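Q: Take a look at the letters that make up each chain.
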Amino acid sequence: MSTVAAVSLAACLAIGPAATAFAAPVVAEASPSASESADAKTLRIATAGFVDTFNPFISIYLTPTNIIRYVYESLVQNDAEDGSPTEGLAEKWEASPDGMTWTFTLHEGMKWSDDEPITSADVKYTYESMMNDPMLGTANGNLVANFESVETPDDLTVVINLKTPQAPNPGTEIPVLPEHIWSEVDDPTTFTNDADVVGSGPYTLESYSANQSITLKANPNFWRGAPKIDGIQYIYYTNSDAQIQALRAGEVDLVTGLTDTQMTALEGEEGITTHAGTGRRFTSLSVNAGAETPEGVAYGTGSPALKEPAVREAIRLGIDQESLLKNVLGGYGAPATSFIPIAFEKWHLPDDDEAIVSFDPDAAMAKLDDAGWVAGADGIREKDGNRLSIRLLADAEDIVEMSASEYLVPWMADIGVELKLETTDSDTISDRTAVSDYDMYFSGWSVNPDPDYQLGINLCSSRPDAEGNGATSQDGYCNPEFDALYAEQHSELDEAKRAEIVHDMLRMHYEDVAQITLWYGQSLEAYRSDRFTGFTTQPADNGIIANQAGYWGYYTVEPVVDEASSAAEQSGPGAALWIGLGVLVVAAGVVAIVIVRRRKTAGDRE
Amino acid sequence: MTDTITPVNAEVHDEKLAEASPTRSSFLSYFGTKLGGALISLVMVVLLGFFAFRVLPGDPVRRIAQERPMSPEQIAELRRQYGLDKPVTQQFLDYLVNIFSGNLGESYVYRTPVSELIGQYLGPTLLLTGTSAIIAIALGLWLGQRAAWRSGSLFDKIATGTSLTLWSVPTFWLALILLMIFGGTLRWFPTGGMVSPGVEPGTFDYVVDVARHMVLPVVTMVAVVFAQYLMVMRASLLEEKSSDYLTTARAKGLRDDLVRRRHAVPNALLPTVTLVFMHIGGLVAGAVTVETVFSWPGLGKLTYEAISGPDMPLLQGTFVVFSTIIIVMNLIADLIYRQLDPRVRRA
Chain Z
1 MSTVAAVSLA ACLAIGPAAT AFAAPVVAEA SPSASESADA KTLRIATAGF
51 VDTFNPFISI YLTPTNIIRY VYESLVQNDA EDGSPTEGLA EKWEASPDGM
101 TWTFTLHEGM KWSDDEPITS ADVKYTYESM MNDPMLGTAN GNLVANFESV
151 ETPDDLTVVI NLKTPQAPNP GTEIPVLPEH IWSEVDDPTT FTNDADVVGS
201 GPYTLESYSA NQSITLKANP NFWRGAPKID GIQYIYYTNS DAQIQALRAG
251 EVDLVTGLTD TQMTALEGEE GITTHAGTGR RFTSLSVNAG AETPEGVAYG
301 TGSPALKEPA VREAIRLGID QESLLKNVLG GYGAPATSFI PIAFEKWHLP
351 DDDEAIVSFD PDAAMAKLDD AGWVAGADGI REKDGNRLSI RLLADAEDIV
401 EMSASEYLVP WMADIGVELK LETTDSDTIS DRTAVSDYDM YFSGWSVNPD
451 PDYQLGINLC SSRPDAEGNG ATSQDGYCNP EFDALYAEQH SELDEAKRAE
501 IVHDMLRMHY EDVAQITLWY GQSLEAYRSD RFTGFTTQPA DNGIIANQAG
551 YWGYYTVEPV VDEASSAAEQ SGPGAALWIG LGVLVVAAGV VAIVIVRRRK
601 TAGDRE
Chain A
1 MTDTITPVNA EVHDEKLAEA SPTRSSFLSY FGTKLGGALI SLVMVVLLGF
51 FAFRVLPGDP VRRIAQERPM SPEQIAELRR QYGLDKPVTQ QFLDYLVNIF
101 SGNLGESYVY RTPVSELIGQ YLGPTLLLTG TSAIIAIALG LWLGQRAAWR
151 SGSLFDKIAT GTSLTLWSVP TFWLALILLM IFGGTLRWFP TGGMVSPGVE
201 PGTFDYVVDV ARHMVLPVVT MVAVVFAQYL MVMRASLLEE KSSDYLTTAR
251 AKGLRDDLVR RRHAVPNALL PTVTLVFMHI GGLVAGAVTV ETVFSWPGLG
301 KLTYEAISGP DMPLLQGTFV VFSTIIIVMN LIADLIYRQL DPRVRRA
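If you're matching them up, the sequences are chains Z and A in order. Per the working numbering, the very first residue in the first sequence carries number 1; after that it's consecutive. Per the working numbering, the very first residue in the second sequence carries number 1; after that it's consecutive.
Worth flagging that the hints you see were computed from the coordinates, not collected in a lab. There could be a bad hint or two in this list.
Said to hold, decoys possible - Calculated lysine to any residue pairs in the SDA-like style (CA-CA distance at most 25 Å, straight line):
(1) Z:163 to A:142
(2) Z:124 to A:27
(3) A:86 to Z:133
(4) A:86 to Z:135
(5) A:86 to Z:435
(6) A:86 to Z:326
(7) Z:217 to A:202
(8) Z:217 to A:69
(9) A:86 to Z:467
(10) Z:124 to A:71
(11) Z:163 to A:58
(12) Z:41 to A:58
(13) Z:326 to Z:264
(14) Z:41 to A:32
(15) A:86 to Z:420
(16) A:86 to Z:428
(17) A:86 to Z:500
(18) Z:217 to A:57
(19) Z:217 to A:198
(20) Z:420 to A:304
(21) Z:41 to A:198
(22) A:86 to Z:190
(23) Z:41 to A:69
(24) A:86 to Z:273
(25) A:86 to Z:434
(26) A:86 to Z:427
(27) A:86 to Z:264
(28) A:86 to Z:60
(29) Z:420 to A:57
(30) A:86 to Z:189
(31) Z:163 to A:202
(32) Z:228 to A:187
(33) A:86 to Z:469
(34) Z:163 to A:57
(35) Z:124 to A:69
(36) Z:346 to A:69
Small disclaimer: the values here were computed from a predicted structure and weren't measured.
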């Protein structure tokens, strides 16, 4: 048969039911459907995130923990400007000169969303629950690990006594829970906390329908004042392309985590604004400079060549970061120095620091020459009969890693290093890197406003054992001088002095080349600017809307109230659609019934 | 062949044709053999369900710890909660004891019993695949018999060509194209989910809303699978067409149309009944792709999320449930086939 006929019938069949539905002239803009007549004051966000639980003691996945930020205020909040500590439940705080005791004073007259007063007893209850029951410390146990005791001299005062001096504010990042609700719960470790939640943040959790939607409503009692919108709805889309289509169709108002291609595709769409925000993530190449257990026992299969600082430095000099940024990220990112992203300017190692080097293949080759690596017949260097061959693990499903690898391999060949690309899946990478079975791999972290944790996982004592169990390490780095500086910054209460020490640490880490930080990727987001405006980013200067270390993103947002807001609604299908659909369903039913009847009566027919 | 279809096991048919005796005892032995085979398959599935997912790479706790500030104490606590601190033999024994008491374990991610999760997600999957199956069967059988009766005609060529073309189209691709055109651009149908947030269950609006959400996924599934029903019906009727009894019927003076409807089609329908049962299992499993693209909250999507997790107890659970559905459906197909077609029994 003719291909044309086949294809055209295929098309007819594929759109047949839809065509039936619209065979009748569409009765223009009849009543819009439930989903299209979106409430002008409800922000709808597309999500694909896992939800383990909304119990703040236990919840560890990104989506619920982000939502919990909106539902429960902490003692101290990360501000929108640059993530520094700012007022939360506490209006002021003071550390004792030795850094051992922190005293917080709460705002007067704060109320939970159910109108009960918020007092220091709630803070004490929350912290002590986490300190006393390891199960309740599942999510944030590390934040109270240094707490000796919590005292409440009066309703507005909280005193935290620490085991060791601490510069990072101990009141951040811990959601404070209402004692009058949680102390009534039979077993707080299994409480799901997913409906009619009583909270203290700008929104409270109203309902949760697994894999369908999460609904938040504005909290009129929020101490900074109620938000300007009624609520937020997270709607589930498993597929990221479906999320883009939902935004285009006006079914959701905000989509995050776009790829650069998706971003480009959405640019110029009417009513949609794309936003590339400075995120809090870094992407790096982790370099195996010889893994050792905390006891100093070497393990793993790391290339001996990478133990030579000159080789690691040469590899960094041979990588053109600017070119990767432009070609792999489509320009959506910033050049990186070390593992504290530029979003946290105070701590970030500046680009003009004397330690920072830029792309220089000649210098790279000179370093390798000096170290005694001589080019062999095929251009790959050798020393003492060993080829300078390095394995690079990459996730075959990660477009960014795959495309970056395509640049890295020839660049390395240019300086006489053979880069063997080993592509596999992320689970295998995770398993292999845990036991140090790698030379280099793509890595990255989302960093919190206070650098203490990220610095802490670069200590000698943070290295896991040979099976990958125990502590968490960023790259298996160990340098006693770095450790000494860590202890110093950890108890330095003068922020300017502390920042200087942090810079020294980052410089040391950079010069030791435990990792090659490739870039700080931007977070790509898009929203219906014909419906909402006034998102506050973090950092305030072109930061991110979603996934902040705070609740600013959706707190200040307000509806756009003009004729444009109806643009997303007017194209909703009309009554004709329902009639058409009804016809379709009835027709299918009739066909089925006829077939069944024929079969039943087949025997009677002669 | 696309991913929503399980291949028909040709051997099964041969085997059935080989078995042949109308007596009661032979039926029992036939039934016994089939049931025994199904039970052995089930046991294999249960064992595989444990071991296959143990050899897979990926440690859920490590994966979580990689992206979160966590102390070694917290990581150890998570291992304890997940039961990963026990030796593998102990984990296996727990798994066996649990599975025979209907307990499929607790999901790492959702922190709920797996059986409860599967119960929640089974309904939407049955709604979606059930509707798709009914439409695909009706459309396929109807087109198939028309095509066969006038084999070689333009209608036959178009119907067969179209169905085979759609059959060879990747489901994922077709689903995305439909989603982009009818969801994103034309905005006729929702781009995902089963129901709009805020629509009250049990109301008329709810029914309408779910129906709207069903259109694109159902069209996708139907488009991809109706070919198999069409082809079997067509082949089956072509075989009947030359039979003597049709000549007799015609000789009685019956109109051609009546000969087709009353004599040929009912007989040609028999082999397709088996096929239907064999494919229902496959259809449920095949929902993974369609549910993932259209964010349909069913078992397929649950499986996809279990893989992304990775959520071992949930993967085990969905694997065991899917496999059981397929095994049971195949068993029913085997038994029905023999009961339905007297020619097979007496041959």
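Q: Indicate, hint by hint, whether the structure satisfies it.
A: Here's how the hints hold up against the structure:
1. Using a Cα cut-off of 25 Å, the hinted pair residue 163 of chain Z and residue 142 of chain A is violated, with the two alpha carbons roughly 78 Å apart.
2. Between residue 124 of chain Z and residue 27 of chain A, the direct Cα distance comes to roughly 73 Å. Violation of the 25 Å bound is thereby established for this hinted pair.
3. Annotation: proposed proximity of residue 86 of chain A to residue 133 of chain Z holds, straight-line Cα distance about 21 Å (limit 25 Å).
4. Annotation: proposed proximity of residue 86 of chain A to residue 135 of chain Z holds, straight-line Cα distance about 18 Å (limit 25 Å).
5. With a C-alpha separation of about 20 Å, the suggested pair residue 86 of chain A and residue 435 of chain Z falls inside the 25 Å cut-off, and the hint holds.
6. For the given pair, residue 86 of chain A sits about 48 Å from residue 326 of chain Z by alpha-carbon distance, which is inconsistent with the 25 Å threshold.
7. The straight-line distance between the Cα atoms of residue 217 of chain Z and residue 202 of chain A is roughly 24 Å, inside the 25 Å bound, and the hint therefore holds.
8. With a C-alpha separation of about 29 Å, the suggested pairing of residue 217 of chain Z with residue 69 of chain A is violated against the 25 Å cut-off.
9. Taking the CA atoms of residue 86 of chain A and residue 467 of chain Z, the gap is near 16 Å; set against the 25 Å cutoff, the hint holds.
10. Of the pairs offered as hints, the one joining residue 124 of chain Z and residue 71 of chain A holds, with about 22 Å between alpha carbons and a cut-off of 25 Å not exceeded.
11. Simply put, residue 163 of chain Z and residue 58 of chain A have alpha-carbon atoms about 36 Å apart, too far for the 25 Å limit, and the pair is violated.
12. Between residue 41 of chain Z and residue 58 of chain A the alpha-carbon distance is near 42 Å, which puts this suggested pair outside the 25 Å criterion.
13. Of the pairs offered as hints, the one joining residue 326 of chain Z and residue 264 of chain Z holds, with about 14 Å between alpha carbons and a cut-off of 25 Å not exceeded.
14. Distance restraint check for residue 41 of chain Z and residue 32 of chain A: the Cα-Cα separation of roughly 64 Å exceeds the 25 Å cut-off, and the hinted pair is therefore not satisfied.
15. Proposed proximity of residue 86 of chain A and residue 420 of chain Z is contradicted: the alpha carbons are some 38 Å apart, above 25 Å.
16. For the suggested pair residue 86 of chain A and residue 428 of chain Z, the alpha carbons sit about 22 Å apart, so the restraint of at most 25 Å is met.
17. With a C-alpha separation of about 46 Å, the suggested pair residue 86 of chain A and residue 500 of chain Z falls outside the 25 Å cut-off, and the hint is violated.
18. Annotation: proposed proximity of residue 217 of chain Z to residue 57 of chain A is violated, straight-line Cα distance about 41 Å (limit 25 Å).
19. Of the supplied pair hints, the one linking residue 217 of chain Z and residue 198 of chain A holds, its CA atoms being roughly 13 Å apart against a limit of 25 Å.
20. Note on residue 420 of chain Z and residue 304 of chain A: the hinted pairing is violated, with a Cα-Cα distance of about 32 Å set against a maximum of 25 Å.
21. Between residue 41 of chain Z and residue 198 of chain A the alpha-carbon distance is near 14 Å, which keeps this suggested pair within the 25 Å criterion.
22. Annotation: proposed proximity of residue 86 of chain A to residue 190 of chain Z holds, straight-line Cα distance about 22 Å (limit 25 Å).
23. For the hint pairing residue 41 of chain Z with residue 69 of chain A, the CA-to-CA distance comes to about 35 Å; that exceeds 25 Å, so the pair is violated.
24. The straight-line distance between the Cα atoms of residue 86 of chain A and residue 273 of chain Z is roughly 51 Å, outside the 25 Å bound, and the hint therefore fails.
25. Distance restraint check for residue 86 of chain A and residue 434 of chain Z: the Cα-Cα separation of roughly 20 Å lies within the 25 Å cut-off, and the hinted pair is therefore satisfied.
26. The hinted pair formed by residue 86 of chain A and residue 427 of chain Z meets the criterion: a straight-line CA distance of about 21 Å does not exceed 25 Å.
27. Under the criterion of a C-alpha separation no larger than 25 Å, the hint pairing residue 86 of chain A with residue 264 of chain Z is inconsistent with the structure, at around 49 Å.
28. A hinted pair counts as satisfied when its Cα atoms are at most 25 Å apart, and residue 86 of chain A with residue 60 of chain Z qualifies at roughly 22 Å.
29. Pair hint residue 420 of chain Z plus residue 57 of chain A holds up; C-alpha atoms about 22 Å apart against a cutoff of 25 Å.
30. A threshold of 25 Å between alpha carbons decides the hint, and for residue 86 of chain A with residue 189 of chain Z the separation of about 21 Å falls inside it, so the pair holds.
31. Taking the CA atoms of residue 163 of chain Z and residue 202 of chain A, the gap is about 57 Å. The hint is violated against a cut of 25 Å.
32. Taking the CA atoms of residue 228 of chain Z and residue 187 of chain A, the gap is near 29 Å; set against the 25 Å cutoff, the hint is violated.
33. Simply put, residue 86 of chain A and residue 469 of chain Z have alpha-carbon atoms about 15 Å apart, close enough for the 25 Å limit, and the pair holds.
34. Between the alpha carbons of residue 163 of chain Z and residue 57 of chain A the distance comes to roughly 39 Å, so the proposed pair goes past 25 Å and is violated.
35. Of the pairs offered as hints, the one joining residue 124 of chain Z and residue 69 of chain A holds, with about 22 Å between alpha carbons and a cut-off of 25 Å not exceeded.
36. A hinted pair counts as satisfied when its Cα atoms are at most 25 Å apart, and residue 346 of chain Z with residue 69 of chain A qualifies at roughly 21 Å.
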